[in-house]
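So the sequences go chain by chain: S and U. Here the first sequence is numbered in our numbering, starting from -6 and rising by one per residue. Here the second sequence is numbered in our numbering, starting from 64 and rising by one per residue.
A couple of the hints might just be wrong.
Restraint ranges, calculated between C-beta atoms of paired labels, are given here [stated by the list, open to error]:
no.	chain 1	residue 1	chain 2	residue 2	range
1	S	Leu248	U	Gly76	39 to 49 Å
2	U	Ser197	S	Arg177	19 to 29 Å
3	U	Ser197	S	Ile10	45 to 55 Å
4	S	Gly245	U	Val79	48 to 58 Å
Hints are computed from structural coordinates only; laboratory data are not their basis. Built from N, CA and C at the ideal position, the CB exists for glycine as well.
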Amino acid sequence: MSRFGLRFVALGYLTVILVGPLVMVFWRTFEDGFAPAWDALSTPETIHAFKLTFIITAIAVPVNTVFGIVCAIAIVRRQFWGKSLLNAFIDLPLALSPVVVGLSLFLLYGREGWFGSWLSDHGIDVLFALPAMVIATIFVSLPFVAREVVPTLREVGDEQEQAARTLGAGGWQTFWRITLPSIRWAVVYGVILTTARCLGEYGAVAVVSGRIQGETETATLRVQERYESFDPAGAYAISIVLAVAAILVLVGMTLIRPREEHAA
Amino acid sequence: MSIIVRNITKRFGDFVAVDDVSLEVESGALTALLGPSGSGKSTLLRIIAGLETPDAGEVLLSGKDATALAPQKRNVGFVFQHYAAFKHMTVRDNIAFGLRVRRRPRAEIRERVEELLHLVQLQGFGDRYPAQLSGGQRQRMGLARALAPEPEVLLLDEPFGALDARVRAELREWLRRLHDVVHVTTVFVTHDQEEAMEISDTIAVINHGAIEQVGAPRELYDAPATEFVMRFVGDANLVGGALVWSDDLELLDEPLEGGVEAMIVRVTVLGRDVKVELHDVDGAEIVAVIGRRRFDELGFWRGQTVWVRARRERVFASS
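From just these sequences and the hints, can you work out the full model?
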């Protein structure tokens, strides 16, 4: 009885909070058929917005993957001063509001900021341009790979790495042949979460991008812009693409999960 | 290849794991580091392999100082208690690992791996993953993997510690036979005195991070250097203030000259021997192991008062 009760609460909650709004978005988009949705998606500004989101994600995900793996190995396998500090700071982006991240980038790269004047003297635009958007996205999506890899690395232990060393493998060989294969599913899982976070980022990018249509407007910013310009159909159509991307990510995750358990 | 350890000390925080240990391991021999858990024997082995860095002292491999050498440059084979199998690789790939990182030609690797699969009796298991093997098979794979690059020294850290008694006895014998074929200088760590006695040429008994005695198994038994060695390598008892092996005790149902009076409290038949547990008049426990035939002749029974006498006894300065 209580098990049915729990199930009912869990599923009911999910329906109201998650599934309901999603179904509404789908319904409103295709209310008048596919044609209006397609028209809204094929405007040059919208295509540019998707391209920009894609470019930012394509830069931020590899950067955070490498950083996440390096950090995880440092946290689990090494002893160094400031380790607990690093461990705590990795979680900062989860706790900090993205808007605050955006504002702090202003303080660094703005005209009055620490690096801002030097950079503008050398003709490099950071704010209201791709660099700031990439930095903001990297910041907010930073913890996921490290947070997935750390527990796996702990669980695997370092005996296999020691065995590799005694068999003549150097540091790089041990990493590529032993460490990376044994954490590969955690890395994949972390990359999926990072990708999802990058695609959906709004707050920090909204602050630093300047939201110039056809230039510094990402897909999520475009949704907001369309909605405010009394074009709900356009907003819904872009939302659908983002939602479908998120669903693909979820499906990818459920496909990986059982394999991960099997491997363990 | 010989191994020489000179004045090695290793601390973990305040704990002194290895305390100024010096040891020479004969080339080509099978040497056991025997001691209770926490005695520092594994740490010493790991220092020889380069997996731990000593705080003081030096390690010489083939006469050359290897103290600062990385493990991958020492050409040692290491076998782990919990196998340390590469879980994402097949048995064949596990064994080939040491050869692949040395970039040996493919044909040579294939040939050597087949040879080793045969040597460790895992023919037909080459394409399996470690998870599909039993503990004993996994450890044989670990051994083949360690032997593949033809190491000059083979180091085994409690290699049979995680296996059940029967498999352990089998593998122990098998390791001895393997060593007779391969002749690589071998050091293995164990807390099991029977295991050490059975397969090694030389035993180094370690306690509290220091070596108590080094010698052939029968030397340790015939002339234990310390009370600890005597208690650890065999079942020893204190009878009338002296240490005596359990199987060096005589029992008789009438007063014996120089004997101690005691009561039989428990009798356990161990195959051909019988273990007789007694309490002397002060209530101190004595364990005697006597032949089954002798036991039956004398017709001992539980609760009987008998006289116990040592055939040989030892008194150590420290005790």
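Results of checking the hints against the structure:
Here the CB-CB span from Leu248/S to Gly76/U is close to 46 Å, well matched to the stated 39 to 49 Å. The hinted range of 19 to 29 Å is satisfied by Ser197/U and Arg177/S, whose Cβ atoms lie roughly 26 Å apart. Range check, Ser197/U to Ile10/S: Cβ separation about 49 Å, and the 45 to 55 Å hint holds. For Gly245/S paired with Val79/U, a C-beta distance near 52 Å keeps the hint of 48 to 58 Å intact.
In summary, the structure agrees with every hint in the numbered list given earlier.
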